[in-house]
Each structure stands twice: as structure tokens, then as C-alpha cells.
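**Student:** Working from the sequences, and respecting the hints, build out all of it.
Protein chains: 2
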Amino acid sequence: MTDVRSVSQPTLFSFVGGESGDWSIVAQTCQAGDPLPRAAFLDVRPGPAQPSHPAGWTLRGVVSNERYVERPERDRLVATQAPLGRAECTRAALIPIRKSAAWWACTQDERRAIFEERSRHIALSLSYLPRVARRLHHSRDLGEPFDFLTWFDFAEKDAAAFDELVGRLRETEEWTYVDREIDIRVAR
Amino acid sequence: MTDVRSVSQPTLFSFVGGESGDWSIVAQTCQAGDPLPRAAFLDVRPGPAQPSHPAGWTLRGVVSNERYVERPERDRLVATQAPLGRAECTRAALIPIRKSAAWWACTQDERRAIFEERSRHIALSLSYLPRVARRLHHSRDLGEPFDFLTWFDFAEKDAAAFDELVGRLRETEEWTYVDREIDIRVAR
Chain A
99 MTDVRSVSQP TLFSFVGGES GDWSIVAQTC QAGDPLPRAA FLDVRPGPAQ
149 PSHPAGWTLR GVVSNERYVE RPERDRLVAT QAPLGRAECT RAALIPIRKS
199 AAWWACTQDE RRAIFEERSR HIALSLSYLP RVARRLHHSR DLGEPFDFLT
249 WFDFAEKDAA AFDELVGRLR ETEEWTYVDR EIDIRVAR
Chain B
99 MTDVRSVSQP TLFSFVGGES GDWSIVAQTC QAGDPLPRAA FLDVRPGPAQ
149 PSHPAGWTLR GVVSNERYVE RPERDRLVAT QAPLGRAECT RAALIPIRKS
199 AAWWACTQDE RRAIFEERSR HIALSLSYLP RVARRLHHSR DLGEPFDFLT
249 WFDFAEKDAA AFDELVGRLR ETEEWTYVDR EIDIRVAR
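Protein sequence lines, in the order shown, are assigned to chains A and B. One gets the working numbering by counting positions in the first sequence from 1 and adding 98 to each. One gets the working numbering by counting positions in the second sequence from 1 and adding 98 to each.
Quick caveat, the hints were computed from the structure, so don't treat them as lab data. Hints are supplied without guarantee of correctness; some may be wrong.
[Said to hold, decoys possible] Pair ranges (Cβ atoms, derived):
#	chain 1	residue 1	chain 2	residue 2	range
1	A	SER118	B	ALA199	33 to 39 angstroms
2	B	GLY265	A	GLN107	57 to 63 angstroms
3	A	GLU208	B	LEU182	22 to 28 angstroms
4	A	ALA125	B	GLU262	30 to 36 angstroms
5	B	GLN129	A	ALA211	33 to 39 angstroms
6	A	THR178	B	ASP132	36 to 42 angstroms
7	B	ALA185	A	ALA211	39 to 45 angstroms
8	A	GLU208	B	SER122	55 to 61 angstroms
9	A	THR178	B	ALA285	54 to 60 angstroms
10	A	GLU262	B	PRO133	53 to 59 angstroms
11	A	PRO146	B	ARG174	38 to 44 angstroms
12	A	GLU262	B	ALA199	53 to 59 angstroms
[Said to hold, decoys possible] Far from chain A, some chain B residues (derived; all Cβ distances over 12 angstroms):
#	residue
13	GLN107
14	VAL142
15	GLU164
16	GLY183
17	TRP201
18	ASP256
19	ALA257
[To be verified] Chain B side only, calculated, beta carbon under 7 angstroms to chain A, not exhaustive:
#	residue
20	PRO108
21	THR109
22	SER112
23	ARG136
24	PHE139
25	ASP141
26	THR156
27	ARG158
28	VAL167
29	VAL176
30	THR178
31	TRP202
32	THR205
33	ASP207
34	ARG238
35	GLU242
Because the structure is a prediction, the values reported are computed rather than measured. Yeah, the Cβ is synthetic: ideal placement off N, Cα and C, and Gly gets one too.
**Tutor:** So, in C-alpha cells, the structure goes:
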């Protein structure tokens, strides 16, 4: 899912799994590739961070400019989306993914065709807005183990809709290029 | 200018200006925005690096996937380009640039239209290949002071052609979005 903010400066965020944090991890499922060590809590912090517990992990990513969204799509997204952190959004998900070498060997037009013309990533996601809010973080150029970290939040009553959204995305052609994916569900 | 390698993993490079290095800096011109401190030598190193002299500077960037090149363009570039480091290439240039907030607020289709349909960045550059070899490094998401670092090398006899190439690029609509640019010429 694509973040649609116009970012004047890229902003680094750290997702820290460990023994403390604002969010309790209620489920952690490895969808593809190597799993991540299990953690009890997740903390979302602006800037760089280290895990406070030696068994924990930290994933970092940058909120940056969009790579695929075109003007009419951005206009629809901006008109429809909600911000993160609404009071009723007591459920959230962190979904780190990595895409295969075959994806990254594609040219821009080839990736765009898979992403939207054939997988309808933006169009499909739009129908779940504003129930689901999200922020995309780019990690690949930082030398991180994942290429993207997407952070979502939603009300408890919309958890089934969120499940449906991620289920539909996982059936797309785009997802055949995902070679590592962890689905981390949290509550506060 | 766009690097056309298919990168299976992003690769970090550091450009270190200081009192020693493989390349002598023969000219350092601020084209737009704030200058960089003058340095006598430039060293190009894979991976992270620090300047060995306190007055020096280090610029970092990642060779990453292409952001604008389409399939027919990549095929032409791959068929035409030469690698860096040919024996006769005793002249080189490091050109760090930053683009404005207005550029980064554009959507992908808007940036592509400026970059190629209106500024002919790829088409124009192709006519200087293989005389000029180059590698593009992405810096913006690393929190660096520049968005891109491009490293070029060429034979002494092609220095005038390189001057013509950068002169023509600076006259394009794309360059109206460049708000900081340093032109660093080196020899070995």
C-alpha cells in the first residue's frame, strides 16, 4: 500500500520488537521466507533506535516520495484517506515485506504495470479507506532485511475488513514477487 | 543521469573529500545553493567511510533500482554504455545535486514527464555514451545533504563532450528543480 503524503524531507521511523512498547503483539505470522524472532511488544519510534532487550529486533524505514502513484490516484487517495492515530484505532499491523531480485530487475514501466494495471494495488486499497489508515516506509536502500514496512491502524470493528484487504493483495500478481513477509498484529 | 545496472542488492558508496585520495580535485564549482568546503583530493570507497582529515567531507549514496527508465530505454542504454574504470579514463566528475520540494511533491507520472518526455534526460545522455561512463547513487532517503550523487569518468579527449552534456542538461526543464549542485572535476 502506498503512502500519499507529499514529503518535503524523508523521515526515518524505527519499529522495535522487544519486552516493552506501546503495542502488545497479539499475533506474528510468517507468510513467506525467514521468520522474525517472536517479541511480546512493539514500539514505533521516530528516528533511529536500538532494541532495549538483547533478544529484540529493530526494523527501520523512511517515509519518502511515492514511486508509483499517479496524479488522479493521489487526488483520490488524499480525498479518501484518514490519518494514523484516531482514538478508535486500537488495532494495528506491521507488515514487513521483501521483493525478489526479479522484481527489482524490472524497469519502472514493468513494475508499474504489475503493481497497478494488473494487480490493482491502489484501486483495491482505496475501497478500504478511510477505515484503514497506513504509512509506507522504504527500507531497501538502507541495507535493511526488508524492502518495505507498512504500518496500518484501524478500529477493532474493522479488523475483518483489514484481513480481507491483505488477503486480496496476497492473491495478486504483484505478490508473486514477495519473497519474505511477516504479518505482525498488535493491540493497545 | 540514470544508472542502468540491474541491482540485486543496493550498494553503498562513499565519496570522501580531504587531504588524500586516488583523485586530485582540479576544479570545484558551486552551480546552485550552498557550496561544499574545498578539498584537494577525492577518494571513492565502497561502503561507509569517514573523512581522514577534520576539514574534509563525506557524501554517501546507494546504487539502487532505476526510478524512471523504461524497458526500451534500458535496452538501448545497456547496448551503448561502457563500464567505469577504463584505462584511458583519467578524468572524472562527481556532481552532487539536490532537487526542490516542488520536485518531490510531484507524482511519479509528473516527474517522469518532466524528466524524459520534456527534458529528454535519457535520450540526450545516450548520444554521449560510451564516451562518458557513469554511476548514479541515491542519497535522499539516507538523510544526506544531496539527493543524488553522479560519478562520471571519461578520457581527457572527451572532456569537452562531457562539458557539453552537463551544459545541455542544465538548460532543461528538469534542472529548474535543482536547488543545489556542486560540480567537482578530478584527474588521476
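**Student:** Could you check the hint for me, namely that SER118(A) and ALA199(B) are 33 to 39 angstroms apart, CB to CB?
**Tutor:** Because 37 angstroms falls inside the window, the suggested range holds.
**Student:** So ALA257(B) supposedly isn't at the interface. Is its beta-carbon more than 12 angstroms from every beta-carbon in chain A?
**Tutor:** Correct as stated: the minimum Cβ-Cβ distance to chain A is 31 angstroms, above 12 angstroms.
**Student:** In terms of Cβ atoms, is chain A entirely out of 12 angstroms range of VAL142(B)?
**Tutor:** Holds: least Cβ distance 19 angstroms, greater than 12 angstroms.
**Student:** Taking the closest Cβ pair, is VAL167(B) under 7 angstroms from chain A?
**Tutor:** Status holds, d = 6 angstroms.
**Student:** Return holds or violated for the Cβ distance of GLU208(A) and LEU182(B) against the range 22 to 28 angstroms.
**Tutor:** Holds: the Cβ-Cβ distance is about 26 angstroms, inside 22 to 28 angstroms.
**Student:** Go through the hint on ARG238(B) and say holds or violated, using the shortest Cβ distance to chain A against 7 angstroms.
**Tutor:** Cβ of ARG238(B) sits 6 angstroms from chain A, so the hint holds.
**Student:** Taking 54 to 60 angstroms as the stated bounds, is the beta-carbon spacing between THR178(A) and ALA285(B) within them?
**Tutor:** holds (55 angstroms)
**Student:** Taking the shortest Cβ-to-Cβ distance between ASP256(B) and chain A, state whether it exceeds 12 angstroms.
**Tutor:** Check passes; 28 angstroms lies beyond 12 angstroms.
**Student:** For GLY183(B), is the shortest beta carbon distance to chain A beyond 12 angstroms?
**Tutor:** holds (23 angstroms)
**Student:** Double-check ARG158(B) for me: the hint is only fine if its C-beta lies closer than 7 angstroms to a C-beta in chain A.
**Tutor:** violated (11 angstroms)
**Student:** Would you check whether VAL176(B) satisfies its interface hint, that is, whether its CB is within less than 7 angstroms of any CB in chain A?
**Tutor:** Interface hint status for VAL176(B): violated (11 angstroms vs cutoff 7 angstroms).
**Student:** Decide, holds or violated, for the assertion that all CB atoms of chain A are farther than 12 angstroms from the CB of GLU164(B).
**Tutor:** Given a closest Cβ separation of 6 angstroms, the condition is violated.
The earlier numbered hints that this structure contradicts are 2, 4, 8, 12, 13, 15, 17, 21, 22, 23, 24, 25, 26, 27, 29, 30 and 35.
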